[in-house]
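> Build the full structure now, drawing on both the sequences and the hints.
If you read the sequences in order, they're chains C and V.
Take any residue in the first sequence, note its place counting from 1, add 1390, and you have its number in the numbering used here.
Take any residue in the second sequence, note its place counting from 1, add 1390, and you have its number in the numbering used here.
Rather than coming from a laboratory, the hints here were simulated on the basis of the structure.
Mixed in with the good hints there might be a few duds.
Said to hold, decoys possible - Listed next, the stretches of chain V that the computed footprint assigns to chain C, with coverage defined by at least 3 CB atoms under 8 Å from CB atoms of chain C:
| # | stretch |
| --- | --- |
| 1 | 1402–1412 |
| 2 | 1753–1764 |
| 3 | 1778–1786 |
Claimed, not checked - Label pairs and their computed distance ranges (CB to CB):
| # | chain 1 | residue 1 | chain 2 | residue 2 | range |
| --- | --- | --- | --- | --- | --- |
| 4 | C | Thr1776 | V | Met1391 | 28 to 34 Å |
| 5 | V | Asn1794 | C | Thr1428 | 30 to 36 Å |
| 6 | V | Asp1764 | C | Asp1802 | 51 to 57 Å |
| 7 | C | Asp1764 | V | Gly1644 | 55 to 61 Å |
| 8 | C | Met1391 | V | Asp1764 | 44 to 50 Å |
| 9 | C | Met1391 | V | Glu1547 | 35 to 41 Å |
Heads up, the beta-carbon is just placed ideally off N, CA and C, and yes, glycines get one too.
Protein chains: 2
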Amino acid sequence: MAMQHSPLLMSRILDRGARLSPNEEIVTATAEGVRRQTLRETRNRAHQLAHALKAAGIREGDRVGTFMWNGSRHLEAYHATAGMGAVLHTLNVRLSDKDLEYIINHASDRLIIVDADQLPQLEALVGRIPSVERVIVATEPGFEGWSTTLPNPVDYEAFIAGQPTTYDWPEIDENSALGLCYTSGTTGNPKGVEYEHRSQYLHTMAQAMTDSMGLSATDTLCGIVPMFHAMGWGLPWTALMLGCKQVMPHRFMGVERLAELIASEGVTVSAGVPTIWQGIKGLVEANPGKYDLSSLSRVTCGGSAPPPSLIRWYWDTLGVEMIQGWGMTETSPLATLSRRVMKRSQLKLSEDDQFRNVAKAGLLMPGLELDIFDDNFNRLPHDGETVGEILVRGPWICSEYYHNPQPEKFHDGWLITGDVGKIDADEYLIISDRSKDLVKSGGEWISSVDLENHIVAMPEVAQACVVAQPHPKWDERPVALVVAAPGVTVDKDKVLAHCATAFARWQLPDDVLQVESIPLTSTGKMDKKVVRANLENQGYRLPDLR
Amino acid sequence: MAMQHSPLLMSRILDRGARLSPNEEIVTATAEGVRRQTLRETRNRAHQLAHALKAAGIREGDRVGTFMWNGSRHLEAYHATAGMGAVLHTLNVRLSDKDLEYIINHASDRLIIVDADQLPQLEALVGRIPSVERVIVATEPGFEGWSTTLPNPVDYEAFIAGQPTTYDWPEIDENSALGLCYTSGTTGNPKGVEYEHRSQYLHTMAQAMTDSMGLSATDTLCGIVPMFHAMGWGLPWTALMLGCKQVMPHRFMGVERLAELIASEGVTVSAGVPTIWQGIKGLVEANPGKYDLSSLSRVTCGGSAPPPSLIRWYWDTLGVEMIQGWGMTETSPLATLSRRVMKRSQLKLSEDDQFRNVAKAGLLMPGLELDIFDDNFNRLPHDGETVGEILVRGPWICSEYYHNPQPEKFHDGWLITGDVGKIDADEYLIISDRSKDLVKSGGEWISSVDLENHIVAMPEVAQACVVAQPHPKWDERPVALVVAAPGVTVDKDKVLAHCATAFARWQLPDDVLQVESIPLTSTGKMDKKVVRANLENQGYRLPDLR
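Right, dumping it as C-alpha cells:
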C-alpha cells in the first residue's frame, strides 16, 4: 500500500462546512416567517440526533424514515444518519397510503421522523406498519398541539435534548448503505434504490465541480426539489460539505412564497422541476417589479426536460442561467448536465446556438459511461438522429433494487434507464421520451416531449401534454392536451399549423383537447398514465375512428 | 450490492475530454514556434503508445520512465501508461547523475522515454542503469540528428507508428500503482512516492471543484510546473478529463518565452512556483505594455509560499488572482488552497482582508484531515498562534515510501509532513516553515518564511533567504541573504529597520548579506541546505562571534 486507503464515507466530508463556515445559516420557512440556525448549531444538533438515535436502539444499517419537507431538521436527519452509519429512508409525503404502507414495511423502518403537519397522513397507517417502534415529531409554529396514536411519539427537541454535541463517527465499509429512496412506480409496487457511502461521496464531488452545477461555498442554495426525491438531487450533501448558506422552503411550496424567499434571502442557486419554474415565470409576469430576483444566478432544472422557451425566458428576463440536468432516482441522480457554455469552443457560439445546447439533456458527468443501444444491445451511432434505449453505468448508478433485484432492468452491468434518446456529434444526450411515453406510429417513433416543447412555446398555451392513443392501422397516434393561458382559448387548427412548422405531417397530433389542468405525479411530472386512463374512462376515440 | 462498484481507474476519465472536445488543442512550444495537435489526435496517439509499449513487453505494474519537459508527448505518456496499467515514473531532468542513477535503479525502470535534448544527461548513465532495456527518443525541431549509446534507442514517432488508435483499457484494481515520483531528498537518497489510480482519481475530482482551482473545460491551461513534479500537480489529468486546451512550454522556461506563450495562446490559468511569477513580474515591469496578459484570470502558486506583496501585485496590476496551494509530493500534491474569496462571509471583506487570507496556505480540501500536533502528538489549538507539526491524512496522502517504508515519517495513519505551522480560528493553515528551516533561538521559534516575505516586500530587494546559523548561547540565530533589485544596493540597517516594524527585537536577523543569487533546488525552491553549506565553506561566523 503506497497511498492511504481511507474509506469514502460521507462522515469524512459532512462536518467540513460547519468547521470552515460555522456562522453560515440554515434558513427554514415557517408560518411566522423564517427560522434561522447556524451551520455550527446544525452540525451540533445532527451529532445530538445521532446520539439520541443510538440511545433509541438504532444501529448501523438500520432504516430511519423521514416523512418531512425540506427544513433544518430534515437536514440534521441526513447528517446524523449518514454520520452514524444508519440508513436514511426518505418517504415521499405525496404518496398514496397504499404505497406508503408498502414501502415502510418493505424497508422495515424502525423509526420515522415526521413533520407535525404530516402526522394525519401517517396516522392513517396506524396498525399497518409493525416495524415502526417510534415516531419523532418535528414541530413547527402552528403545530405545537399535535397528537397522534402512532407508537411512542416524542417531540424532536425533547428527543435530542441534552445529548452530547460530538458523536465519534464510526469507520464503516465505504460500500455500506447510506440512504433508501423508492421510485414512484408507474407499474407495480414502488422499487427501492439503496444509495451507498461511496456512491454518494463520488456524486457529491462531481456535483461540486465547476463544470457541473458549479456549487461553491459562496453560494446561497435554495433546494426546492424535495429532500425525499433522490436525496434532494444530492444538493444537501454538497452544500454541507462546502458550507453553503441553505434556504429551505418547508411546506410552503407556493410560487409566491418561493419567490419571496429567494428575494429576501439572496438565493444565488436553486433547483426544482420545470413546473416550479413555469410557475415562478407566471408569477413574475403577472407582477412586474414585485419580486427582486437579482441575486439568483442559476437554477437547476430536472425531473423532466424544461421547454427551450422557458430556458430562454429565464436568461432574457432575469439573467438567470437555467442548467438542465438529466438523471433519475437510480442514478443518484446526476448523470448529464447542460449549461450555456460547457466547452471552450462554445464561447464563440451565438447566444441562440448556446441555448440550442442547453435544450439538450447535456454532457456526461466524469466517471460515468452512457450510450444508446438498439433492441439487441448493439451501440448506435452518435449522429443526432438515431434513437435508442439509454443505458448508463458507473460508480453512482444503481445495480439492483432493494430486496427486489429486477434483473430485467439491467444489462451486463448497465442500468436500462427506460428513457430513449439520441446522442449528437458533440456528445450531447438528447432525450426523446420515456420509452413508455413514445408514440409508436406506423413503425416510426414520435417524441411526445418534442411536440410538447413546441406547443408550449405558443403564447396562448400554459401547459401541453402529448400521449399516444390506440389506432388500428398505425398502432398509436399522438393526441395533445393543452391548458390555455389565463383568459384565452386555444384553437386546434392554430396548434396544428404551429406544429406543422417543425414536424412532418405524419408526426402531427390527430387531436388537440383543451383541458383545465394536467394531472401530476408525486414528483411533479405530468402523469401520462393518469392522462391516458382518464381518456379511456371518458371513452375518448381518435377523430378518424368516431 | 445496491450501487455499481466500478473501480476508480484513471482510464475511466482520461478519454473524456477528447470525446467531448475532440478539436481542442494541445500546444507545445518548439524552437520554431509551437506545435499543435488536437485532443482527438492526442488521445489516439496515447492509445497507439500503449499498444507500442505493450508490444515492447511492458505489462501492468511495469515502470516506464520519462525524462521529459512538459509537452504533448509527455502528456501522451501520462495517458498511455495510466490507461494500460503501467506505472509512469517521471524523472526530474534537473537531478544530479548520482540521484538519477539511484532512482532509475531503485524503480527498475524498464523503458525510458526521453526528450532528445536531454539525451546527453541520460547518456552519462550508460552502463549504470541495467534495468533499462530501451530508450524512446522524443524529437523536437533542432534535435533530429540525435544519437545515443543508450540501449536500443528508437524514435518516438517510429515507435508508435502504425499501432491501432484504440486500446481496450483493462479493468484493474483501483489501488494499482499509477505513477512514481521521487522527492528531491534534502538528506539521504531520494524517496519514491507511488501514486495509485484511486488516489489520483479522487485528487482529480477535487481539483476540478469550483472551490478548488475552478478548472473548467472553457479554460486554457498552461502548466509551467514540470510534469516531473508531483504529476505536474495533477493538472494534466484534470485537463484531460475536462477537455481543456493545454499549452506546454517544453524546455523554453525563460520568462520572456513564457509570457509570450501566455499572451499568444490566450492562457486563462497557469501554475508554477513563486520564482516563475517573480520573474514574470520583473519582465512586465521592465517592459511596460509589451505583453498582453489580459486573458489570464488566475495562477496557482505552490512549491513554496508566494510573498503577499507578489500576490497583491498580480491582482492590482494584471487583475490576476493568485491561488496559493500547499502540499508536497507525498500529498499528490493538493492539500490546502487559498483564494481571494472562499466563503460567503468573505464576500463582504475589504480587499486587504481578502488578501490577508490569500497569504495563508489555505483551507483543507474535502476528504482530507489535517491538524497541528505537539512533540507527543497531542492536537494543538486553532488559535492562529500555537505552532505545531503539520500532519495530514486522507485518500490521496502517501502511506509509505516505495520499497523504503520509513515508518518514522508516519504516525498512526497520518503523514508527518515536515512542515510546521498554525491554524487560525477561521481554519486557515498558515505555514511557519519547513521544520528543518525554522530558526530555534533561545527555545523560541523564528519563521524564516515570515522574515523572507517581509524583507522581499522592500522595493530594493528582489529575493530574500533567511537561514539559521549556529550560536553558542541561543542555539541558532537568523541570517538574511538578499539579492538586490537591478542597479541597487541593499543597506543592512534599512533591512533591519524594516523588519523591526513587524518583528520583535529577538526575531531580527543578526546579519544581512547581499548576494548575487540564491541557489535553487531542482524543484525551483530556495535550496537552504546549499545556502547553509556555502556559508560554512566560506567560514562565515555571526557578527557577535567574530
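> Report the numbers of all earlier hints that the structure fails to satisfy, in ascending order.
Violated: hints 5 and 8.
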